[in-house]
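Participant: Here's the letter readout for the chains.
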Amino acid sequence: GAGVSQSPSNKVTEKGKDVELRCDPISGHTALYWYRQSLGQGLEFLIYFQGNSAPDKSGLPSDRFSAERTGGSVSTLTIQRTQQEDSAVYLCASSLEGSQETQYFGPGTRLLVL
Amino acid sequence: AQKITQTQPGMFVQEKEAVTLDCTYDTSDQSYGLFWYKQPSSGEMIFLIYQGSYDEQNATEGRYSLNFQKARKSANLVISASQLGDSAMYFCAMRRGYQKVTFGTGTKLQVIP
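So the sequences go chain by chain: A and B. With the first letter of the first sequence counted as 1, position 114 gets the number 114 in the working numbering; the numbers rise by one all the way through. With the first letter of the second sequence counted as 1, position 69 gets the number 69 in the working numbering; the numbers rise by one all the way through.
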């Protein structure tokens, strides 16, 4: 079946502009995660949607970052007034719920803020 | 809070040799899952292997095996017969119940021909 998809694959924007990144999880997966990965670095957790529960937003670095998940499926990560330090790869992952369930990652969106 | 520690930022291994990538974790929960992912230079995150906390046998997937020592809270990844294509970043991760997944900082493995 189809895996996790993300769009766009690459995004170049100017400092101060808003950007929207999209994630389509695997059908039926109730858990959805957003991560940020700077060049050569590890994964930085941003936000976690778990079924119908309130999302865990503890990883969002500032109030310029927000995310929503409509209808328990597609998610959009929005970065307002982008800064150069926002340049990174943004990875989305989805899974079923539970400690034994594997996360599956999308290919990522490479964001470059000029 | 749960925590994953990978103490080896970089490792080298000779082609065809075995290599062990270390991972320790910290949780007071009895039920949890441990995962390893590979991230080649292309950037994709590839799931390798899973170990459940109640699994009595060490997980194996082809050339990958997970050396699970519950009392020591370690979940080391063993790659046998290393290949050049194994050169990548490797991340250890843990998940408790319905909590978010926690990742380690990663180990960069380079296979030398």
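Please note that a few of the clues may not be correct.
[To be verified] Here are some chain A residues the structure puts well away from chain B; computed CB gaps all over 12 Å:
#, residue
1, A2
2, S7
3, K11
4, E14
5, G16
6, L21
7, E44
8, D63
9, R64
10, F65
11, T70
12, R81
13, L91
14, S99
15, R110
16, L114
[Said to hold, decoys possible] List of simulated lysine-lysine pairs, DSBU-like, C-alpha gap at most 35 Å:
#, chain 1, residue 1, chain 2, residue 2
17, A, K57, A, K15
18, B, K73, B, K3
19, B, K73, A, K57
20, B, K16, B, K73
21, B, K3, B, K100
22, A, K57, B, K16
23, B, K100, B, K70
24, B, K70, A, K57
25, B, K100, A, K11
26, A, K17, B, K100
27, A, K57, B, K108
28, B, K70, A, K11
29, A, K11, B, K3
30, A, K57, B, K100
31, B, K108, B, K73
32, A, K15, B, K108
33, A, K17, A, K57
34, A, K15, B, K100
35, B, K16, B, K70
No lab work stands behind these hints, which were simulated from the structure alone. Quantities reported herein were computed from a predicted structural model and do not represent experimental measurements. Think of the CB as a built atom: it goes at the ideal place given N, C-alpha and C, for glycine as much as any other residue.
Participant: Against this structure, judge whether each hint is valid.
Facilitator: Comparing the hints with the structure gives:
Distance check on A:A2: its Cβ is at least 15 Å (rounded) from any Cβ of chain B, clearing the 12 Å threshold; non-interface status holds. For A:S7, the requirement that its beta carbon stay farther than 12 Å from each beta carbon of chain B is met, with the minimum near 15 Å. With 12 Å as the threshold on Cβ separation, the claim that A:K11 sits away from chain B holds: the shortest Cβ distance comes to roughly 15 Å. Distance check on A:E14: its Cβ is at least 24 Å (rounded) from any Cβ of chain B, clearing the 12 Å threshold; non-interface status holds.
The claim that A:G16 lies off the interface holds: its Cβ sits roughly 27 Å from the closest Cβ of chain B, which is beyond the 12 Å cut-off. With a minimum CB-CB distance of about 15 Å to chain B, A:L21 clears the 12 Å threshold, and the non-interface call stands. Against chain B, the non-interface label of A:E44 is violated: not every CB pair exceeds 12 Å, the least being about 9 Å. Listed as outside the interface, A:D63 is consistent with that label: its C-beta sits roughly 20 Å from the nearest C-beta of chain B, beyond the 12 Å cut-off.
The Cβ of A:R64 lies farther than 12 Å from every Cβ of chain B, with a closest approach of about 21 Å, so its non-interface assignment holds. Under the 12 Å C-beta cut-off, the non-interface status given to A:F65 relative to chain B holds; the minimum distance is some 16 Å. Its beta-carbon lying about 20 Å from the closest one in chain B, A:T70 satisfies the requirement of being farther than 12 Å from that chain. Every CB of chain B is more than 12 Å from the CB of A:R81 (nearest about 26 Å), matching its label as outside the interface.
Not every Cβ of chain B is farther than 12 Å from the Cβ of A:L91; the closest lies at roughly 7 Å, contradicting the non-interface assignment. Distance check for A:S99 against chain B: the nearest CB is about 4 Å away, which does not clear 12 Å, and the non-interface claim fails. The claim that A:R110 lies off the interface is violated: its Cβ sits roughly 8 Å from the closest Cβ of chain B, which falls inside the 12 Å cut-off. No Cβ of chain B approaches the Cβ of A:L114 within 12 Å, the least distance being about 21 Å, so the stated non-interface status holds.
Distance hint between A:K57 and A:K15 is fulfilled; the C-alpha atoms sit about 24 Å from each other, no more than 35 Å. Distance hint between B:K73 and B:K3 is fulfilled; the C-alpha atoms sit about 11 Å from each other, no more than 35 Å. The suggested pairing of B:K73 with A:K57 holds, with an alpha-carbon distance near 28 Å, which does not exceed 35 Å. Between B:K16 and B:K73, the direct Cα distance comes to roughly 28 Å. Compliance with the 35 Å bound is thereby established for this hinted pair.
Restraint check: the Cα-Cα separation between B:K3 and B:K100 comes to about 12 Å, which is no more than 35 Å; the hinted pair holds. For the hint linking A:K57 to B:K16, the alpha-carbon distance of about 44 Å lies beyond 35 Å, and the restraint is violated. Among the hinted pairs, B:K100 with B:K70 is consistent with the structure: their alpha-carbon atoms are about 21 Å apart, no more than 35 Å. Restraint check: the Cα-Cα separation between B:K70 and A:K57 comes to about 31 Å, which is no more than 35 Å; the hinted pair holds.
Between B:K100 and A:K11 the alpha-carbon distance is near 27 Å, which keeps this suggested pair within the 35 Å criterion. The straight-line distance between the Cα atoms of A:K17 and B:K100 is roughly 30 Å, inside the 35 Å bound, and the hint therefore holds. Note on A:K57 and B:K108: the hinted pairing holds, with a Cα-Cα distance of about 29 Å set against a maximum of 35 Å. About 43 Å separates the Cα atoms of B:K70 and A:K11, which puts this hinted pair outside 35 Å; it is violated.
Simply put, A:K11 and B:K3 have alpha-carbon atoms about 33 Å apart, close enough for the 35 Å limit, and the pair holds. Under the criterion of a C-alpha separation no larger than 35 Å, the hint pairing A:K57 with B:K100 is consistent with the structure, at around 11 Å. About 22 Å separates the Cα atoms of B:K108 and B:K73, which keeps this hinted pair within 35 Å; it holds. Taking the CA atoms of A:K15 and B:K108, the gap is near 32 Å; set against the 35 Å cutoff, the hint holds.
Annotation: proposed proximity of A:K17 to A:K57 holds, straight-line Cα distance about 22 Å (limit 35 Å). Of the pairs offered as hints, the one joining A:K15 and B:K100 holds, with about 31 Å between alpha carbons and a cut-off of 35 Å not exceeded. Our distance criterion of 35 Å between C-alpha atoms is met by B:K16 and B:K70, whose separation comes to about 29 Å.
The structure shown violates the earlier hints numbered 7, 13, 14, 15, 22 and 28.
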